[in-house]
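Trainee: Listed here are the chains, written in short residue letters.
Number of protein chains: 4
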Amino acid sequence: MSTQVAKAEGKLGILIPGLGAVATTMIAGVEAVKKGISAPIGALSQMGRIRLGKRTDNRYPLIKDFVPLANLEDIVFGGWDVYEDNVYEAAINAAVLDRSLLDQVKTELEAVKPMKAVFDTAYIKNLDGKHIKEAPTKWDLANLLIQDIENFKAANNVSRVVMVWCASTEKYIEPSAVHATIEAFEEGLKNNDPSIAPSMIYAYASIKAGVPFTNGAPNLTVDINALLDYSLQQGVAIAGKDFKTGQTLMKTILAPGLHARALGVRGWFSTNILGNRDGLVLDDPDNFKTKEVSKLSVLEEIFEPEVNPELYGDLYHKVRINYYPPHGDNKESWDNIDIFGWLGYPMQIKVNFLCRDSILAAPIVLDLALFMDLAQRAELSGIQEWLSFYLKSPQTAPGLPPMHDIFKQLIKMQNTLRHIMGEDLITHLGLDYYQDLVDAL
Amino acid sequence: MSTQVAKAEGKLGILIPGLGAVATTMIAGVEAVKKGISAPIGALSQMGRIRLGKRTDNRYPLIKDFVPLANLEDIVFGGWDVYEDNVYEAAINAAVLDRSLLDQVKTELEAVKPMKAVFDTAYIKNLDGKHIKEAPTKWDLANLLIQDIENFKAANNVSRVVMVWCASTEKYIEPSAVHATIEAFEEGLKNNDPSIAPSMIYAYASIKAGVPFTNGAPNLTVDINALLDYSLQQGVAIAGKDFKTGQTLMKTILAPGLHARALGVRGWFSTNILGNRDGLVLDDPDNFKTKEVSKLSVLEEIFEPEVNPELYGDLYHKVRINYYPPHGDNKESWDNIDIFGWLGYPMQIKVNFLCRDSILAAPIVLDLALFMDLAQRAELSGIQEWLSFYLKSPQTAPGLPPMHDIFKQLIKMQNTLRHIMGEDLITHLGLDYYQDLVDAL
Amino acid sequence: MSTQVAKAEGKLGILIPGLGAVATTMIAGVEAVKKGISAPIGALSQMGRIRLGKRTDNRYPLIKDFVPLANLEDIVFGGWDVYEDNVYEAAINAAVLDRSLLDQVKTELEAVKPMKAVFDTAYIKNLDGKHIKEAPTKWDLANLLIQDIENFKAANNVSRVVMVWCASTEKYIEPSAVHATIEAFEEGLKNNDPSIAPSMIYAYASIKAGVPFTNGAPNLTVDINALLDYSLQQGVAIAGKDFKTGQTLMKTILAPGLHARALGVRGWFSTNILGNRDGLVLDDPDNFKTKEVSKLSVLEEIFEPEVNPELYGDLYHKVRINYYPPHGDNKESWDNIDIFGWLGYPMQIKVNFLCRDSILAAPIVLDLALFMDLAQRAELSGIQEWLSFYLKSPQTAPGLPPMHDIFKQLIKMQNTLRHIMGEDLITHLGLDYYQDLVDAL
Amino acid sequence: MSTQVAKAEGKLGILIPGLGAVATTMIAGVEAVKKGISAPIGALSQMGRIRLGKRTDNRYPLIKDFVPLANLEDIVFGGWDVYEDNVYEAAINAAVLDRSLLDQVKTELEAVKPMKAVFDTAYIKNLDGKHIKEAPTKWDLANLLIQDIENFKAANNVSRVVMVWCASTEKYIEPSAVHATIEAFEEGLKNNDPSIAPSMIYAYASIKAGVPFTNGAPNLTVDINALLDYSLQQGVAIAGKDFKTGQTLMKTILAPGLHARALGVRGWFSTNILGNRDGLVLDDPDNFKTKEVSKLSVLEEIFEPEVNPELYGDLYHKVRINYYPPHGDNKESWDNIDIFGWLGYPMQIKVNFLCRDSILAAPIVLDLALFMDLAQRAELSGIQEWLSFYLKSPQTAPGLPPMHDIFKQLIKMQNTLRHIMGEDLITHLGLDYYQDLVDAL
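Protein chains in written order, with this note's numbering: chain C, 1 to 441; chain Z, 1001 to 1441; chain U, 2001 to 2441; chain P, 3001 to 3441.
Keep in mind that the hints are not guaranteed to be accurate.
Claimed, not checked - Derived pair list, reagent style DSS-like, types lysine-lysine, alpha-carbon separation capped at 30 Å:
1. Lys2125(U) with Lys2011(U)
2. Lys3318(P) with Lys1171(Z)
3. Lys289(C) with Lys2171(U)
4. Lys3064(P) with Lys1289(Z)
5. Lys1289(Z) with Lys3130(P)
6. Lys2116(U) with Lys318(C)
7. Lys2190(U) with Lys2116(U)
8. Lys3034(P) with Lys1318(Z)
9. Lys54(C) with Lys1054(Z)
Unchecked claim - To be clear about the criterion: a stretch of chain C counts as covered by chain Z if any three or more of its residues have a C-beta under 8 Å from a C-beta of chain Z, and this derived list gives those stretches:
10. 35-44
11. 78-89
12. 164-175
13. 217-224
14. 262-271
15. 421-427
16. 431-438
Claimed, not checked - According to the in silico footprint, chain Z covers these stretches of chain C (three or more CB under 8 Å from chain Z):
17. 19-32
18. 53-60
19. 345-351
Because the hints were derived from the structure by calculation, they are not lab data. Please read all numbers here as calculations on a predicted model, not as lab measurements. C-beta atoms are modelled at their ideal positions from N, C-alpha and C, and glycine is treated no differently.
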């Protein structure tokens, strides 16, 4: 299949709705890496290796040397925000990275100025930015976004663009008739249907412009038939949703381990404290609901209580997020896991993760941008389930349950890359090494 | 291949050197399960399921319904110990299971009386049992063990036997000339070579008697060329070493997760407190050395610092075990992990595992016994690397580095079972679900 | 002063509104102790010692040998509840103590049958008991309670009675006109004023009957002028409020330590998980408000941010309680404390307390009952601030700020006992030991 | 007594053996405070207040406004070290404080250059400095130190000097004949008796020069009759030993809390990880022994198992220190405390303290220097037990057991200060507030 992947020629534009803590940390980091100041730790696309062939072959190339990804040198950043701060100013406010680092890439960051955002306080109450587009209908707003994309391409001479949503969590909504078909959806845009959230306007504009779209928040956005069908029609890659960082990352690492060993789980209590803008938005119950649904689903799929009722049938799972200003972006999670083993004897696991929200999310944004660009060049349109590795609530084909186990997600991603490049898939069977010993007798 | 696996007909004898906390917890548990008093939680062979076919096929049989394992009803237990307590008495002393549970299977447990052990205080200083075989040479001791095996088979009318080492950690030794060939080894047995540890005498006897041997401690035992070659010649399955429970289990769950995301690790400090006999033996530095080597190796392989020097080149890994009587068998571990992400920013993970040593180990003993019996019937001789899922220091083909990542080990085991039964291996590629969507356009 | 304390002659009745987990654990424990089955750990009145005189005097009598407390043999229990289960049945349901222990005192526990409770769902929504008194007015209900007390005294031949509130947290209310004077309060009882909570009816009845009253919940109850004045008029001891257990106990231990060393505190995040009836009641926001106010106040007083603004002026304090059924009565708390030291450098303390709610509360109930009886005999009427050692929100003289520092509370209690018995108070000055050295030169 | 305290006139010299992480952090901090750059958090002498009179008096002056302490402006620093780095260089190497802070006080720090140290590798194996005094006998070394003190006073025009030992932990030794009398000791100095450690030579020189001496390490040093008697003869204040920071600080906060409530303790496991020079020195078992003895003693005294055998008779206490380079000066402790309450039911407390060793120690050095100077002016000679608040192993009058409870130590210190200034001692009795209420009826 490898011959079919178009090369990464020319510049790649990464357009981001929401130039807040996560996006500015990513942009500043890429600029720092380009200058040789720092290393893109946590970005599999830059630092990760992939095994090819047998274990004894010792072939472990860097992923970026194996598949044709865009070079960091060829990336141009742009985006939209409800505040008009440039990326340097926004990064200073976010207080994630040290000022001394930011000052070394100040020129590059100041050059990235947000375009006016599409925004609606009905979807996010706790924000109050004023740098907002105005137009009679949501249809008009979508067209303004498409115009922004075209202007950006022309101004920066980029050959390809991807869009990655890094803006806030919107209030919880469920799919309804307006989300069912692209026709109903476009009608809704023209009618200002209240069920069309701002994030959906971005996604629609992106797909219409032929730009792969990734949803980094738990919002419904592209997780609706209208936009899925539209992406297939347009031949555009889409992916979502909700960057998998912090506590949920840890959960999808630990839970598969417990499940692997057939250890039962009676309760899982997860609490978070964080003091950044994300925490402030999630302090509103309507917005937390959206996040909660995304966070709660992961254990259900990994443990499969319906087929393992003795082990997971009574699992009580609770997730709390607490706005705690003293921590700023230093999100901290504490989990208590009540497990039981042989003959039902109880045991406990406590995990305390002193993480940094944006530090974990930034490399994910970069990886998704680069891999979505690869997918587009490999002519993989519609949902990119192989990128579920990065997402809390992976979008899947209708009727297909998502996989949350990060290790299955990893194999899926690695075997997809091998498949794209025409390499053998890896099954870890490895009986041949031992047959050799028998044959040698 | 499935047609080649002989059925599990007749009784299976499980012979155990070391009828201490782990073995008695396993035996009592199996008896309780047979009576319907309790459930074999943690035993994949009993509770675990395996996916067959595509995700949409919904085929998730129990492993025990998929591969021909011995039935719990057909198991007979026996073993050796340096103390002459029967299994009921030993289980009471071990204080792992509630007395009320033990009393419900008292008759069955009292019936299991240890045979005299092969023992040498030069290898384990902190134990002082008196129920010990005496003979002029190690060769004679081996023959006495083989005689024990034969007597046990005859007395209990068992058709197949497996041996699982559940005894203590011996002092640290390295392979030398006497371990290089079976000829040198047999000569050493006759000469009472001090480099032949008691566990090696058991292993030799087991292989000679055609009985699969599994090493649950970090001792050298079968990890020597002499016994590997001998097992291939005899067509006997062997596996080892060191049951993977507690902190190391957790480590081989977490480390692959960090590695998957290309997160760097600067330090990993692991401490344990436990108050059982295992803790007492490991309080002796000579014996701890053996355990330490086993415990330290896992991170090295998972992180591969030689190919990922920026991420893991400076990893400082320290493991401590502390004898702490107030906890008894309730082993508790605390880990501090110093990680770094995007641009090198530091984060920390703390894991506190309030586990129970024998509760975690018991189902592993059962699984290994049943799967080793399966391997033998499937005519897989020599090292069973596919069972490395259960082991801290998996034995592999000479020159082949072990895999410690528990999720790779799991896939290896599952795909081996699928292979044995003639089912398709699973690669998690799954692009077909999405091709269907495109085709449906 | 010691000559003035009347001896503890005759039987002491302990009457308890709320025969739930805490009360039944206390009663069962006292019966077990009387039978020599167990020890009253955690009860200072039974196990604690007090230093008298100089350090070199070596006088450390048991408190119960120093002050004239009622003997456990002379205690008779009674109480009220909205469920009609006797204490044995209620203790089984509470699932705090092992059944095997409860069965050894079954006869004694079954003999304690609750009287019908005064209850109002307007104050506690999440309970639904049916064992409830009915009467036209709150005045009538109070009289029924007084009649209960008299009947209990007569039936059990007790010479003295104390009442300790162990029932649930009521919804949050603030003092209003009806709580200002005893006249207004009695008028309110007759008018069924909705601001008079059930707990106030018990307290009024208790004081009217000459029975010392202790408030173990965070309810307003006796914390109103009407009942304070009435207690002084009646010469009755009162104390409250809210038993200090678990997380708040830990907080009033740790916070004084940080304050002692002039370490700054920027944030204190406290979360709890528990699955008992207390947790269920507190899952209702109205009831949680009452608890939250009680829990939040302690740090304010200990740190005195108004006089130490550089250290504690920005302290962000948050308390969460989560209903988590898998834990039952095994309440678990997790605290994150963000402190700062020399030159403002930040540090963190994490405390994870795996406690048992009723196990911590039960000895407090016993101690308060015995010390309140002592206070009454020592003719100390009104508020007993010296018992604030046991209470989350100590009641104090109007205008006097409470002290939450558990060590100041301890000294207050110990010096009060020394004062009552005519012993020297202890100041820990101790310069005399060193003057002796100089004099010896 | 207040009239007797001489005023703090003229300059105060603080001379420090060991200009490492702790000392340089303290010195840099004092200079930063003097410039208004930072605040002396953690220094009770600077930030702490003291209550005077009744609670309702609202008299809470700063301690430094209450007792006549030397002003920070009047302090001059000096010291000795085995490395010749000046304090700026040593502080950079210690990596405790940010370089940007150090650069703001660079001139002041560079001015403090260490004098050559008295050092002996027989007492500290893991250090290898070369900046060391040479002389035929220990007597000569002592005289060289006295000469250093005199030179320092003259060169800096200081009127008073105090010495605070901030150097490393020496190997464990016990008192012997040479330590029994000042005559034997002086003879030993002349004979180069191997039982006289370098720290003792400093202490002797200090006392001889009339300079108060404080021992911040767990070394034997002044804890011998020879030097105690000598200090009384010379009228010089001495104090020791071992600065109470980190885990032991936490222990002497928590243990009194558990003891206050008569909660039993079955086990206390304490582990530390740290990566600074202190950690390196303590990696040697001979030196760890000295620290271990100091750390282990605190629980014994607080819990008094001999008078509370049911609660603390079986307490198993274990302390571990692990050299863990990734943490540098960021010492981290983890404690597991196995407690039991009502009827013996078990509970657990886990404390994870992410502290910074030198940040906690630096203000203690300052406080001790200032209070020792006060003691000397108040003519308190010999042991200053009232400063045990700051010390892990407080020195006391012969035969008098030390008090480790930090809250008793605090009251002792506060009441000593009140006593020195002629204020009423505080007993927390406070019954008068309530008598007022009765009287008002």
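Trainee: Now tell me, hint by hint, if it's right for this structure.
Mentor: Tested hints:
Proximity of Lys2125(U) to Lys2011(U) is assessed by CA-CA distance (about 37 Å); at most 30 Å being required, the pair is judged violated. At roughly 25 Å between alpha-carbon atoms, Lys3318(P) and Lys1171(Z) fall within 30 Å of each other, so this suggested pair holds. A hinted pair counts as satisfied when its Cα atoms are at most 30 Å apart, and Lys289(C) with Lys2171(U) qualifies at roughly 26 Å. Among the hinted pairs, Lys3064(P) with Lys1289(Z) is inconsistent with the structure: their alpha-carbon atoms are about 55 Å apart, more than 30 Å.
As the CA atoms of Lys1289(Z) and Lys3130(P) are separated by approximately 36 Å, the hinted pair breaks the 30 Å bound. Between Lys2116(U) and Lys318(C), the direct Cα distance comes to roughly 37 Å. Violation of the 30 Å bound is thereby established for this hinted pair. Distance check on the hinted pair: Lys2190(U) and Lys2116(U) sit about 20 Å apart at the alpha-carbon level, within 30 Å; holds. At roughly 42 Å between alpha-carbon atoms, Lys3034(P) and Lys1318(Z) are farther apart than 30 Å, so this suggested pair is violated.
For the proposed pair Lys54(C) and Lys1054(Z), the alpha carbon gap of about 25 Å is at most 30 Å, so the pair holds. Interface restraint, the region 35-44 of chain C with chain Z: holds (7 residues with C-beta to C-beta distance below 8 Å; minimum three). Under a criterion of three residues with beta carbons nearer than 8 Å to beta carbons of chain Z, the stated coverage of the region 78-89 of chain C fails, only 0 such residues being counted. Restraint check on the region 164-175 of chain C versus chain Z: 0 residues with Cβ-Cβ distances below 8 Å, three needed, restraint violated.
Counting residues of the region 217-224 of chain C whose beta carbon lies closer than 8 Å to any beta carbon of chain Z gives 0, which falls short of the minimum of three for the stated coverage. Counting residues of the region 262-271 of chain C whose beta carbon lies closer than 8 Å to any beta carbon of chain Z gives 3, which meets the minimum of three for the stated coverage. Beta-carbon proximity to chain Z at under 8 Å applies to 3 residues in the region 421-427 of chain C; the threshold of 3 is reached and the given coverage holds. With a cut-off of 8 Å between beta carbons, the region 431-438 of chain C has 6 residues touching chain Z; three or more are needed, and the interface restraint holds.
For the region 19-32 of chain C, the proposed coverage by chain Z is satisfied: 4 residues have a C-beta within less than 8 Å of a C-beta in that chain, meeting the threshold of three. Here the region 53-60 of chain C counts 3 residues with a CB under 8 Å from a CB of chain Z, which clears the bar of 3, and the coverage holds. Check result for the region 345-351 of chain C against chain Z: holds, 6 residues qualifying (beta carbon to beta carbon below 8 Å, three or more required).
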